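Student: Protein chains in written order, with the working numbering: chain A, 1 to 125; chain B, 1001 to 1136.
Derived from the structure by calculation, the hints contain no laboratory data.
Remember, predicted model here, so these are calculated numbers, not experimental data.
One or more hints might be untrue.
What the hints assert, rightly or not - Stretch by stretch, here's where chain A covers chain B in the computed footprint (C-beta under 8 Å, at least three residues): (1) 1007-1018; (2) 1055-1066.
Unchecked claim - Using C-beta positions, here's what the derived DEER-type ranges look like: (3) A125(A) to A1036(B): 45 to 55 Å; (4) A125(A) to A1025(B): 40 to 50 Å; (5) S41(A) to A1013(B): 30 to 40 Å.
Unchecked claim - In silico DMTMM-like cross-links for lysine to aspartate or glutamate, where the CA-CA straight-line distance does not exceed 25 Å: (6) K1029(B) to D60(A); (7) K1029(B) to E1003(B); (8) K121(A) to E1071(B); (9) K46(A) to E90(A); (10) K2(A) to D48(A); (11) K2(A) to E1003(B); (12) K1099(B) to D1078(B); (13) K2(A) to E114(A); (14) K1029(B) to E1052(B); (15) K2(A) to E1011(B); (16) K2(A) to E92(A); (17) K121(A) to D48(A).
Cβ coordinates follow ideal geometry from the N, Cα and C atoms, glycine included.
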Amino acid sequence: MKRILLVEDDPDIQMVTSLALGSFGRFAVKVCGSAREALESAAAFKPDVILLDVVMAGMDGIRALRAFRRRPAFADVPVIFMTARVQPHELEQYHDLGSAAVIAKPFDPATLAETVRAIWKRHHA
Amino acid sequence: MPELTRAQRVELAALRADYESGLDAAVAKVIAAAVALGAQGCDHARLRVLRELAHRLVGSSAIWGFSRVSEAAARLEDLALRASTGSPLPAGEFARQSKRLTRRLRQAVPMHLRPMKRAFETAGATARPRARRGTA
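Next up, chain A with everything else stripped away, as it sits in the complex (with noise of 0.2 Å):
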């Protein structure tokens, strides 16, 4: 696994997590400010893996999954939300959706790379 799309639209939260995944994590990260950007950028980055905030301004993050889904191309990627919305009834949704997993908010920068490495590695076990 080597390239990560980041889906955030929270420039402080960009910046940290690109620190944790690509300085930290040596992996090559495309920051997306929004579910559109993503859509519109994803073919030609190839993402290994899709980061995804949930409440963004625009699509949130249900709803780009689902976009993903619909595209031949990116029906398998694995995506993994990044979110403070982890109530167990949500959790669900998730999970119904087809999400990887679900890295909660805050997040630890220091290790966000490795849990990203081990779902990864889960997910493709």
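With chain A fixed as given, assemble chain B onto it according to the hints.
Tutor: Frame of chain A; chain B shown alone:
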């Protein structure tokens, strides 16, 4: 789990310091959005602005360890959400709750991160520029 190198820790600390330096301004933006709602009435566009600003602050401040800021911002986000999607709040109730929650949010910012003017206002006084002698 591999530990961060010294260089990585320095990089992380620099990013945190950068966030810290903008925290007071981010809080002020949320408060301004809440105050605008209280003063100009609750319409959906203004409620959405408050919800989005508060939501961002909830997430970013928690990552950097400002849990009191995050919790206070979450309450404001929740208030805006209830006002826009739930049963409408009684007249004046939004303004009352908003005032209480913005005060809590303001106080959640560590004192050393507040600019002098804000710290002075929080102490109960109003900062005013001193008049210079000989000027009108």
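Student: Checking each numbered hint in turn, tell me which of them this model violates, lowest number first.
Tutor: 7, 8, 9 and 16
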